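Q: What follows is the residue order along each chain.
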Amino acid sequence: LRGVSEYIAALIMTIVTLVAGTVIFLYSYYVINVYTDMFSSRALGSGESFSVAILASYIRGNQLIVIGSTGASSATLRAVYVNETLRICALYYNYTSYLVTGSEAVVIPYRTAFVVICNLPVTSSNAVVKIVFDEGDVVAKAGRII
Amino acid sequence: LLRKRVGLSRALSPIVGTIIFVIIMAMFTSLFIYMLDRVVNIARESFEKVREAGETVSSISSLKALWNFNKTHITIYIENQVSRTVLLTAIAIVYSDGSYTTISRVNRSIDAKIVIGSTVLNKLDLPLGITPATTVTITLSTKSKTPVAVSLAVEASPIAVIQAVTAKIAEIAETRTSKITPSTTLGTTTWLGIAAIPTTRNATLTKTYPQTVTSTGGVTYNLERVSRGALYYTDFEALPSDWSAIGGWWGLTTGFKGRAVEGRDNNQGVGRASQYCYSENFSSYLSLWVSTKTFLRTKLGPRPNLYSIALIRTLSPKDNSMYVIGINSETGSVEVWSYNVEGSEAGLSLIVLLYLVTELMLGMLLLLGMSIQQQL
Chain L
1 LRGVSEYIAA LIMTIVTLVA GTVIFLYSYY VINVYTDMFS SRALGSGESF SVAILASYIR
61 GNQLIVIGST GASSATLRAV YVNETLRICA LYYNYTSYLV TGSEAVVIPY RTAFVVICNL
121 PVTSSNAVVK IVFDEGDVVA KAGRII
Chain C
147 LLRKRVGLSR ALSPIVGTII FVIIMAMFTS LFIYMLDRVV NIARESFEKV REAGETVSSI
207 SSLKALWNFN KTHITIYIEN QVSRTVLLTA IAIVYSDGSY TTISRVNRSI DAKIVIGSTV
267 LNKLDLPLGI TPATTVTITL STKSKTPVAV SLAVEASPIA VIQAVTAKIA EIAETRTSKI
327 TPSTTLGTTT WLGIAAIPTT RNATLTKTYP QTVTSTGGVT YNLERVSRGA LYYTDFEALP
387 SDWSAIGGWW GLTTGFKGRA VEGRDNNQGV GRASQYCYSE NFSSYLSLWV STKTFLRTKL
447 GPRPNLYSIA LIRTLSPKDN SMYVIGINSE TGSVEVWSYN VEGSEAGLSL IVLLYLVTEL
507 MLGMLLLLGM SIQQQL
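Those protein sequence lines, which keep their order, are chains L and C. Quick note: the first sequence, position 4, residue 4 per this note's numbering, numbers continuous. Remember, this note's numbering sits 146 above the position in the second sequence when you count from 1.
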């Protein structure tokens, strides 16, 4: 059995090393780009970030009423939690009502006032409500006014 | 020949290894520099976002909102006090019965009276841009309901973030008129009052920066002197010609928002004190007010200094009987002294004067406020 010459061996080793280095370089470059772009787009936002303002939240009778408004972009309402408990609530906007069950999402258009109404025990004097959107959560406290 | 080839290969191996090492080092160095550059850019963008968020919050927090209610309509005043335009995107009104009204883009035009600067509109369309230094007044019918809370959704730049602004209920300005009737009898008429003037900033008169807000409307103050029955008044900017000294050294001094009279006791006046006097016949008055302002500039001597207002009776059977109301420089208390008044009769002529006892310096600035009853 004859071995390859020393020159061929050195050439093969050189090629293998350089190729391996290049592959690692390109993979690292790709990973850096992907994660920094993801951070820039999600964490820093593109200027049209999600925002929802809660304008009023109170309890009337056996109803918890939360009035809010979306910002420059639409918001996808996913679920409503009252005192850390998932509730089935009604969503009103644009003269239309929807049921928010936690399983189906409802898209609220941009710059639109909306009202979330949930049933509560009549004895409840206050509540903490968390409205879960796909883009983020908003939390409000509500007290009884009547 | 074999020895030569072995020697050549030994010479090549370090060179090839070095080249490979250098190439790989260059690649990873460039990768590191690239990664560092990306991190720096992200940090810079983060700082910029934080700054913009701060500006946005500042813009929204500088929006002033008030509301009031007149049984049938609610009026919302919004004033933009920053240099950026903000966008009013929604209004929520909660009523006392728990019902509510929401207004936003989807409501389209609704009946309302909108006053933007000098422009009056009859329809409200949201979103509504509120330019810098602009006041917007929105009047809506409440359909006989009583509002208890009003909130506004406001969008500001540079970050398009929406935020709720709670409108505060406006204080209703009312005009209160007080009339003061001065005494028609001889003597000083002094009145003291606090005029609380409620104002509503319902108009921006100038649109320049710094913004000047001028209160208009509802401001009425009717506090003015229509006459004065002061017997005598002097601010001692000059030595009054009709005053005279009974003992002591008296002269003008400065430094009391103008000039004042300064005196030094030499025990040569009535009651071994010193007086600076104004003479007038008070016998026809049931009561009088005498006001002065005094200042103990330097305490002299071991005994307490007394600086006072005094009444001297010059025409009584016992001449130069005297009452003194003064301030003890040691204790700060008000003291009432009499001199040579036992058995005297009331209702005689008196002298109002400044009184010094025991090496005292006195500065008199202005006639202000101490009363002395005449019934001695």
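By construction, these hints were calculated from the structure, which means they are not laboratory data. What you are looking at is a predicted structure, and each value in this text was computed from that prediction instead of being measured. Do not take every clue at face value.
Dumping the calculated BS3-like pairs for lysine-lysine here, alpha-carbon to alpha-carbon at most 30 Å [stated by the list, open to error]:
#1 L:Lys130 with C:Lys314
#2 C:Lys195 with L:Lys141
#3 C:Lys195 with C:Lys217
What follows is a set of in silico ranges between Cβ atoms, one per label pair, in the way DEER data are often shown [to be verified]:
#4 C:Leu182 with L:Ser124: 54 to 62 Å
#5 C:Met181 with L:Val19: 20 to 28 Å
#6 L:Ser74 with C:Asn187: 28 to 36 Å
#7 L:Asn83 with C:Arg197: 21 to 29 Å
#8 C:Thr285 with L:Asn62: 17 to 25 Å
#9 C:Arg197 with L:Val16: 48 to 56 Å
#10 C:Arg197 with L:Phe39: 51 to 59 Å
#11 C:Val186 with L:Val122: 56 to 64 Å
#12 C:Val203 with L:Ser74: 17 to 25 Å
#13 C:Gly200 with L:Asn62: 37 to 45 Å
Ideal Cβ placement from N, Cα and C applies to all residues, glycine included.
Q: Kindly indicate which numbered hints from before are broken by the structure, ordering the numbers from low to high.
A: 3, 7, 8 and 10
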